[in-house]
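Undergrad: Sequence:
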Amino acid sequence: MALDSRASGYDVQFVERHRELAEKYMCVICRMVPRDVHQLTCCGKLICRHCIEDYKRKSSHNCPVCRKHGLNYFNDTSRNQEILSLKVFCYYKEHSCQWNGELRDLIRNHADACVFKLVLCDQCDTRVPVKGLGDHLASACVKRMFWCQFCKESGSFEFIQDTHLNKCPERPIECPNGCRITVKRKEIEAHRSVCMHQLVHCCYHPIGCNIMVERMYKAGHEANCSKKGIKSLAHRKDTLPINICIDNFESLKENKEEWEQDFFTKDGGYFMTLKVCLAKSSDAIGCFFYLRAGPHDNSLIWPFRGILVLEIINQKKDENHYSSEIRFLTNTPGPYNSRVIDKDIASYGLGEPEYVTHTFLSQCTQYCKYLEDNKMILRVSIKGIDNCRSSIGFS
Numbered sequence: 001m002a003l004d005s006r007a008s009g010y011d012v013q014f015v016e017r018h019r020e021l022a023e024k025y026m027c028v029i030c031r032m033v034p035r036d037v038h039q040l041t042c043c044g045k046l047i048c049r050h051c052i053e054d055y056k057r058k059s060s061h062n063c064p065v066c067r068k069h070g071l072n073y074f075n076d077t078s079r080n081q082e083i084l085s086l087k088v089f090c091y092y093k094e095h096s097c098q099w100n101g102e103l104r105d106l107i108r109n110h111a112d113a114c115v116f117k118l119v120l121c122d123q124c125d126t127r128v129p130v131k132g133l134g135d136h137l138a139s140a141c142v143k144r145m146f147w148c149q150f151c152k153e154s155g156s157f158e159f160i161q162d163t164h165l166n167k168c169p170e171r172p173i174e175c176p177n178g179c180r181i182t183v184k185r186k187e188i189e190a191h192r193s194v195c196m197h198q199l200v201h202c203c204y205h206p207i208g209c210n211i212m213v214e215r216m217y218k219a220g221h222e223a224n225c226s227k228k229g230i231k232s233l234a235h236r237k238d239t240l241p242i243n244i245c246i247d248n249f250e251s252l253k254e255n256k257e258e259w260e261q262d263f264f265t266k267d268g269g270y271f272m273t274l275k276v277c278l279a280k281s282s283d284a285i286g287c288f289f290y291l292r293a294g295p296h297d298n299s300l301i302w303p304f305r306g307i308l309v310l311e312i313i314n315q316k317k318d319e320n321h322y323s324s325e326i327r328f329l330t331n332t333p334g335p336y337n338s339r340v341i342d343k344d345i346a347s348y349g350l351g352e353p354e355y356v357t358h359t360f361l362s363q364c365t366q367y368c369k370y371l372e373d374n375k376m377i378l379r380v381s382i383k384g385i386d387n388c389r390s391s392i393g394f395s
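The UniProt record's numbering puts the last residue of the sequence shown at 395; the count rises by one with no breaks.
Treat the hints as calculated values from the structure; they're not laboratory data. One or more hints might be untrue.
[What the hints assert, rightly or not] With a straight-line cut-off of 25 Å between C-alpha atoms, the simulated DMTMM-like cross-links for lysine to aspartate or glutamate are: (1) 68 - 105; (2) 117 - 94; (3) 56 - 76; (4) 93 - 135; (5) 256 - 373; (6) 343 - 297; (7) 375 - 297; (8) 316 - 214; (9) 375 - 319; (10) 369 - 267; (11) 45 - 94; (12) 58 - 36; (13) 24 - 53; (14) 131 - 94; (15) 369 - 297; (16) 184 - 162; (17) 131 - 158; (18) 266 - 254; (19) 117 - 16; (20) 343 - 247; (21) 131 - 153; (22) 317 - 372; (23) 369 - 354; (24) 24 - 76; (25) 316 - 267; (26) 87 - 20; (27) 143 - 122; (28) 186 - 222; (29) 375 - 222; (30) 317 - 257; (31) 383 - 311; (32) 68 - 94; (33) 93 - 76; (34) 253 - 153.
[Said to hold, decoys possible] Label-pair ranges, simulated between beta-carbon atoms: (35) 367 - 167: 20 to 26 Å; (36) 18 - 118: 47 to 53 Å; (37) 152 - 115: 56 to 62 Å; (38) 338 - 250: 53 to 59 Å; (39) 342 - 212: 46 to 52 Å.
By construction, the Cβ of each residue, glycine as well, lies at the ideal position given by its N, Cα and C atoms.
Model the full assembly from the supplied sequences, consistent with the hints where possible.
TA: This is how it looks when you write it as structure tokens:
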């Protein structure tokens, strides 16, 4: 805090034994000990040079004290020396400076040299003592260079603390599910996929169950769903689209069993059966659609033409389902799309003898899982008439 010679009186704290002396020198305008003291000729009162000059510019030429017309004053050098000899504390006493001495020494020397003088940090615009500027720049300035302790990314301390740490991929964070396990932020999604407290849909979600439970209770919930009859949705005659849940997948595959599902293409539509051959070849599943004799056949157009869409459901996310189209076209051989008469089901089914391999089904990634808890879920839907040539195999 350097002193400005154009300012009003001295805003300083006087040493106790000089305090009363200082009070008798008060400027009649600024009420502080006058700087560059002048004396009013008419009444003998003291005033700062800056205060009297400012008063003359703004007011009449009457004395500010006695109001006498004609403002006259002179530089009181004797009083000025008395004032400069008064003992004062440093301007930065509140910042721990213990210096005290004559006012003239404060003005001429100490004020500018004081190590407790406040200076502006050129990084963060904070005012700090000169002696503490180095420590401030090294450990307190919010704009100082800083490194993330987890990933070593650099930036200002303020940025690292307030922004970066909230998204740092290497920072350990506690699982938001409350399982008390701590993992790196970049691994939290992988942890969610196995966390026993993560809310998940059960295997019957694609066929009607919308309840989400913690993973640790999933098996019990699915058993309860089965008892309540949700599982039976996978085995009823229905209209497209339908979802089919195949339980005990591994056992059915080992025993080379077939899975069948009856359905109508729509209300009053064609009656059909999907057959899933779980061991059609050494490493593949075969899927075939068969026409059946149905109650609405007399009102339907024959031969049947349409595109059936068969999907294996990704049980991790409602995306990336394994899909294929089975096309009943104009040039499809008669045994596959003709009306079924004098028997229950057609002798031949249209489909893919190697629809998908077991190797593919057994693969599991962060985003895809087609077999879960020994269950596979299929979805059948219809797209409509198609006149393109078919490249589908026959069984």
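Undergrad: Does each hint fit the structure? Answer for all of them.
TA: These are the hints, each one checked on the structure:
1. 68 - 105: The given pair, whose Cα atoms are some 38 Å apart, is violated under the 25 Å limit.
2. 117 - 94: Distance ~11 Å between residue 117 and residue 94 Cα, so the pair holds.
3. 56 - 76: Cα-Cα ~18 Å, so holds.
4. 93 - 135: This hinted pair holds, its Cα atoms lying about 20 Å apart.
5. 256 - 373: Satisfied, since the Cα-Cα distance of roughly 19 Å is no more than 25 Å.
6. 343 - 297: holds (13 Å)
7. 375 - 297: violated (34 Å)
8. 316 - 214: Given pair residue 316, residue 214 holds - Cα atoms ~15 Å apart, limit 25 Å.
9. 375 - 319: holds (18 Å)
10. 369 - 267: Distance of about 33 Å is beyond 25 Å: violated.
11. 45 - 94: violated (32 Å)
12. 58 - 36: Status holds; Cα separation ~20 Å.
13. 24 - 53: holds (22 Å)
14. 131 - 94: holds (15 Å)
15. 369 - 297: Outside the cut-off at roughly 39 Å; violated.
16. 184 - 162: holds (18 Å)
17. 131 - 158: Satisfied, since the Cα-Cα distance of roughly 23 Å is no more than 25 Å.
18. 266 - 254: violated (34 Å)
19. 117 - 16: Answer holds: residue 117 to residue 16 is near 23 Å, not above 25 Å.
20. 343 - 247: violated (30 Å)
21. 131 - 153: Violated: residue 131 and residue 153 sit about 31 Å apart, past 25 Å.
22. 317 - 372: holds (12 Å)
23. 369 - 354: holds (20 Å)
24. 24 - 76: Holds, at about 15 Å.
25. 316 - 267: violated (32 Å)
26. 87 - 20: holds (12 Å)
27. 143 - 122: Holds, at roughly 10 Å.
28. 186 - 222: At roughly 31 Å apart (the allowed maximum being 25 Å), residue 222 and residue 186 break the hint.
29. 375 - 222: holds (12 Å)
30. 317 - 257: violated (28 Å)
31. 383 - 311: Status holds; Cα separation ~13 Å.
32. 68 - 94: violated (43 Å)
33. 93 - 76: violated (30 Å)
34. 253 - 153: violated (52 Å)
35. 367 - 167: 20 to 26 Å: At roughly 22 Å between Cβ atoms, residue 167 and residue 367 fall inside 20 to 26 Å, so the hint holds.
36. 18 - 118: 47 to 53 Å: violated (25 Å)
37. 152 - 115: 56 to 62 Å: Given about 36 Å between the Cβ atoms, the range is violated.
38. 338 - 250: 53 to 59 Å: With Cβ atoms ~37 Å apart, the hint is violated.
39. 342 - 212: 46 to 52 Å: Given a distance of about 50 Å, which is inside 46 to 52 Å, the answer is holds.
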